[in-house]
Amino acid sequence: RKEVEQDPGPFNVPEGATVAFNCTYSNSASQSFFWYRQDCRKEPKLLMSVYSSGNEDGRFTAQLNRASQYISLLIRDSKLSDSATYLCVVNVQGKSTFGDGTTLTVKP
Amino acid sequence: GAVVSQHPSWVICKSGTSVKIECRSLDFQATTMFWYRQFPKQSLMLMATSNEGSKATYEQGVEKDKFLINHASLTLSTLTVTSAHPEDSSFYICSANMIFREQYFGPGTRLTVT
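Going down the list, the sequences are from chains A and B.
Going from the first sequence to the working numbering is simple: count from 1 and add 840.
Going from the second sequence to the working numbering is simple: count from 1 and add 38.
There's no promise every hint is true.
[Unchecked claim] No more than 27 Å apart at the CA atoms, straight line, and that leaves these computed lysine-lysine pairs for BS3-like:
#, chain 1, residue 1, chain 2, residue 2
1, B, K58, A, K842
2, B, K79, A, K885
3, B, K93, A, K919
4, A, K882, A, K919
Please keep in mind that the hints were generated in silico from the structure rather than gathered at the bench.
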């Protein structure tokens with residue numbers, strides 16, 4: 841079993857749609873959690889950190905469930921510019937493990 | 039967010055030559071730097087963890103004599119791909135962070151070995 845598993849995707853949605861990505865992790869000692877966005881042929885960029893209390897940044901909402909070892913990312917009112925690969929990242933003792941990523945394509 | 043630079047951004051070299059890639063954290067001192075490689079349509083694969091002043095920790099399957107890492111200061115780490123071969127062609131990305139904090143990635147180096 842992979843340490844970090846994400847929805848395989850790809851997700852193809854129309855503009856304005858709401859889309860949710862899920863991620864599970866196997867190491868219960870994981871300490872910090874993040875969502876990154878990676879555009880084609882570019883480096884990953886931090887989208888947001890994920891906290892147990894949940895956090896929201898504009899159209900993006902991230903949630904962490906430590907008991908279930910589950911992380912989610914919700915994107916509301918999808919824009920064309922949201923098309924990218926979204927990476928779930930789990931950090932243990934300063935070392936990050938990346939999920940394989942979920943590709944999102946938002947279409948007009 | 040913090041800034042990490044990487045140089046060069048792309049390089050083409052002949053088989054058998056060595057290539058050095060630099061990674062710098064520009065506005066913070068990074069306790070740890072990481073080196074990844076990424077093949078097309080695949081996720082990032084951690085190659086090694088670089089700590090200032092000590093030897094790098096390599097992931098299983100990564101040849102330490104082929105991928106030389108030097109972490110000379112809290113703001114600079116270098117990766118040297120020695121005797122490069124076409125199968126080493128990949129996207130190499132470094133990242134830096136302060137412990138338990140998020141990672142910031144360099145823009146990556148696209149290596150093509152002919």
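Enumerate the violated hints, using their earlier numbering and listing them in ascending order.
Of the numbered hints given earlier, those the structure breaks are 1 and 3, listed in rising order.
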